[in-house]
Amino acid sequence: MKKGQFFRSMPGIGLAAALLIALPFVAALGGQAWVRILDFAILYVFLALGLNIVVGLAGLLDLGYIAFYAVGAYTWALLASPHFGLHWPIWAILPLGAGLACFAGVLLGSPTLKLRGDYLAIVTLGFGEIVRIFLNNLNAPINVTNGPQGITLIDPVSFGAFKFSGATQILGVSLSGPQKYYFLLVALAILVIIINVRLQNSRVGRAWQAIREDEIAAKAIGINTRNLKLLAFAMGASFGGVAGGIFSAMQGFVSPESFSLIESIMILAMVVLGGMGHIPGVILGAVLLTVLPEVLRYGVGPLQMAVFGKMLVDPESLRMLIFGLALVLVMRFKPAGLWPSPERQRELQETGK
Amino acid sequence: MSANLSPLLLEAKAVAKHFGGVKALQEVSLSIRRGEIYGLIGPNGAGKTTFFNCMTGLYVPDGGGFVFDGTPLVADAPDKAAGRGIARTFQNIRLFGNMTALENVMVGRHVRTGAGVLGAMFRNAATRAEEAAIRQRAIDLLHYVRIEERADDLARNLSYGDQRRLEIARALATDPKLLCLDEPAAGMNATETEQLRDLIEGIRRDGTTILLIEHDVKLVMGLCDRVAVLDYGALVIEDVPAVVQKDQRVIEAYLGA
Chain A
1 MKKGQFFRSM PGIGLAAALL IALPFVAALG GQAWVRILDF AILYVFLALG
51 LNIVVGLAGL LDLGYIAFYA VGAYTWALLA SPHFGLHWPI WAILPLGAGL
101 ACFAGVLLGS PTLKLRGDYL AIVTLGFGEI VRIFLNNLNA PINVTNGPQG
151 ITLIDPVSFG AFKFSGATQI LGVSLSGPQK YYFLLVALAI LVIIINVRLQ
201 NSRVGRAWQA IREDEIAAKA IGINTRNLKL LAFAMGASFG GVAGGIFSAM
251 QGFVSPESFS LIESIMILAM VVLGGMGHIP GVILGAVLLT VLPEVLRYGV
301 GPLQMAVFGK MLVDPESLRM LIFGLALVLV MRFKPAGLWP SPERQRELQE
351 TGK
Chain B
1 MSANLSPLLL EAKAVAKHFG GVKALQEVSL SIRRGEIYGL IGPNGAGKTT
51 FFNCMTGLYV PDGGGFVFDG TPLVADAPDK AAGRGIARTF QNIRLFGNMT
101 ALENVMVGRH VRTGAGVLGA MFRNAATRAE EAAIRQRAID LLHYVRIEER
151 ADDLARNLSY GDQRRLEIAR ALATDPKLLC LDEPAAGMNA TETEQLRDLI
201 EGIRRDGTTI LLIEHDVKLV MGLCDRVAVL DYGALVIEDV PAVVQKDQRV
251 IEAYLGA
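As they're listed, the protein sequences go chains A and B.
Per our numbering, the first sequence starts with residue 1, numbered consecutively.
Per our numbering, the second sequence starts with residue 1, numbered consecutively.
Since the hints were made in silico from the structure, they are not lab data.
Heads up, the beta-carbon is just placed ideally off N, CA and C, and yes, glycines get one too.
Treat each hint with caution, since some may be false.
Stated by the list, open to error - Derived Cβ-Cβ restraints for the label pairs, each shown as a range: (1) B:G187 to A:L107: 41 to 47 Å; (2) B:H215 to A:I216: 20 to 26 Å; (3) A:W91 to B:P7: 40 to 46 Å; (4) A:I216 to B:G45: 38 to 44 Å; (5) B:D76 to A:G252: 51 to 57 Å; (6) A:L327 to B:L118: 54 to 60 Å; (7) A:N137 to B:A14: 57 to 63 Å; (8) A:L107 to B:E252: 55 to 61 Å; (9) A:K334 to B:P7: 54 to 60 Å; (10) A:I216 to B:G20: 18 to 24 Å; (11) A:P89 to B:D69: 51 to 57 Å.
To be verified - Some, not all, of what chain A presents toward chain B, calculated at C-beta under 7 Å: (12) R203; (13) R206; (14) E213; (15) K219; (16) I221; (17) I223; (18) N224.
Given these sequences and hints, build the entire structure.
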């Protein structure tokens with residue numbers, strides 16, 4: 001029996017759990033900003049694993065994935081903020097956001113069923129932009145999204161009286177807002193990892209992979225490719241919707257700016273760079289691509305000062321340059337991703353002699 | 001052969017298919033009986049694969065149609081054809097390259113199983129039992145075509161002959177009534193062809209009707225109960241091998257007039 005790669009031994013689980021629990025406290029030593037970066041790393045793990053269903057398993061190149069994130073984020077923002085004076089509870093908004101994102105996924109999926117590869121990528125890219133532009137311009141004649149100003153003062157995640165914003169004392173330990181969100185996100189991420197692993201080794205997951213590998217052969221053995229592709233879009237989009245909702249609540253503010261094309265590309269890069277279709281690889285990709293730019297942000301400036309005694313290059317542009325270079329190098333020397341599935345790894349070693 | 005007396009499994013009725021001005025199939029009518037090995041031969045471009053594609057729903061015929069197992073086949077629905085009990089292999093092997101051999105066969109069980117997304121997520125008892133049955137059946141089929149030791153290798157890394165076998169195992173996983181093999185012996189040496197021949201005969205013995213497209217005339221004549229010859233998209237003759245071999249039109253079609 002194939003089991004999840006992670007949960008192999010009791011000591012392994014214990015160690016991983018201890019690390020995951022200790023992490024936000026260690027990060028807090030460097031300031032709450034690092035805890036927030038950690039939060040985002042896990043949020044992106046969640047997003048990347050959602051996209052992994054569409055791209056990694058079903059092989060549908062989706063460049064507009066951020067649109068579903070946006071749908072989830074704005075669902076939360078509109079239903080839990082002073083903008084409309086609505087303050088719905090989480091158990092109502094989060095499923096609704098996931099449902100709406102799912103609907104958007106089917107909406108995008110149905111006209112693109114016959115498209116593949118590059119063509120699909122172009123249509124999905126367009127879809128992502130359409131959603132963003134809608135959000136940008138839906139402030140007139142009726143002000144729905146408040147346009148480019150975005151929506152502010154969004155309610156944080158709360159269960160009854162327990163709010164995730166601000167510091168609380170739990171069992172004598174003081175937890176800051178970002179630390180509480182960290183634990184919520186880790187719980188969600190573990191859930192999505194389990195779902196991903198289970199889907200991958202299931203009848204539906206195998207059918208997705210078959211479509212990815214050879215659509216005609218998949219049809220010939222009786223797979224209804226239309227329904228299964230729609231299902232992949234819908235599932236991936238729902239995950240995006242949930243992530244969007246949490247993002248909205250965590251930030252307390254959303255604007256169309258957060259849902260630009262570069263975000264879609266970043267999430268796709270996490271999936272590809274980590275090792276497409278391989279769950280631990282995707283997780284690694286998401287964590288690296290979230291943390292690395294931040295490390296560079298804080299590291300590049302002081303490093304220049306130490307080496308040259310003055311700022312030679314603007315740290316912000318140098319950061320993106322190094323980041324881009326790192327991406328290129330990984331793709332050059334590890335074309336299957338940093339941590340590809342064992343089968344693919346073996347194959348690369350065989351052909352790479 | 002008693003096969004001649006058994007009822008019809010597939011009936012092609014005046015099937016026609018054009019590509020622009022090219023008449024790939026001109027009102028081809030033929031019938032395959034239950035339990036026989038039926039050969040379909042003809043020179044390159046005679047329309048053999050086009051016939052296959054029409055039958056399995058990849059192409060929509062421009063005229064005529066098929067009756068399978070008593071009811072008409074829906075055109076343009078390859079997934080439904082598999083559900084009805086028609087399985088096929090491809091002339092240029094089409095495997096799921098980045099999946100293991102075992103997974104390839106497991107995918108073949110898709111059409112005979114039913115677990116959905118919720119089953120996959122919650123792994124309830126019924127889903128687990130179905131999953132175990134799929135795996136067991138796939139392992140059995142790999143044994144059946146004798147590539148069980150390659151079960152965990154990626155399909156793309158298998159040798160050419162093993163890939164052919166894997167494709168047959170995958171097709172068999174759909175529990176077909178009719179197994180259509182598109183040039184299974186292409187590119188094989190004499191030994192491999194001999195092994196393939198044993199495999200095909202075994203499959204028939206186990207109750208599956210076989211439609212065989214093949215270039216290797218010797219293999220076809222030795223293996224098939226009846227043979228149909230296509231030339232320029234038209235049916236030349238449909239009869240037992242002994243008669244077909246002596247037919248003047250067949251000799252002309254193959255050797256050139």
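Hints, verified against the model:
1. B:G187 to A:L107: 41 to 47 Å: Because 46 Å falls inside the window, the suggested range holds.
2. B:H215 to A:I216: 20 to 26 Å: Holds, since H215 of chain B and I216 of chain A (Cβ atoms, about 22 Å apart) stay within the stated range.
3. A:W91 to B:P7: 40 to 46 Å: The hinted range 40 to 46 Å is violated for W91 of chain A and P7 of chain B, with Cβ atoms some 60 Å apart.
4. A:I216 to B:G45: 38 to 44 Å: 21 Å, violated
5. B:D76 to A:G252: 51 to 57 Å: With Cβ atoms ~52 Å apart, the hint holds.
6. A:L327 to B:L118: 54 to 60 Å: At roughly 37 Å between Cβ atoms, L118 of chain B and L327 of chain A fall outside 54 to 60 Å, so the hint is violated.
7. A:N137 to B:A14: 57 to 63 Å: Holds, at about 58 Å.
8. A:L107 to B:E252: 55 to 61 Å: 58 Å, holds
9. A:K334 to B:P7: 54 to 60 Å: 59 Å, holds
10. A:I216 to B:G20: 18 to 24 Å: 22 Å, holds
11. A:P89 to B:D69: 51 to 57 Å: Given a distance of about 56 Å, which is inside 51 to 57 Å, the answer is holds.
12. R203: Given a least distance of 5 Å, the restraint on R203 of chain A holds.
13. R206: At about 5 Å, which falls below the 7 Å cut-off, the nearest Cβ of chain B leaves the hint on R206 of chain A intact, so it holds.
14. E213: 4 Å, holds
15. K219: 4 Å, holds
16. I221: 5 Å, holds
17. I223: 5 Å, holds
18. N224: Status holds, d = 5 Å.
Going through the hint list in order, the structure does not satisfy hints 3, 4, 6.
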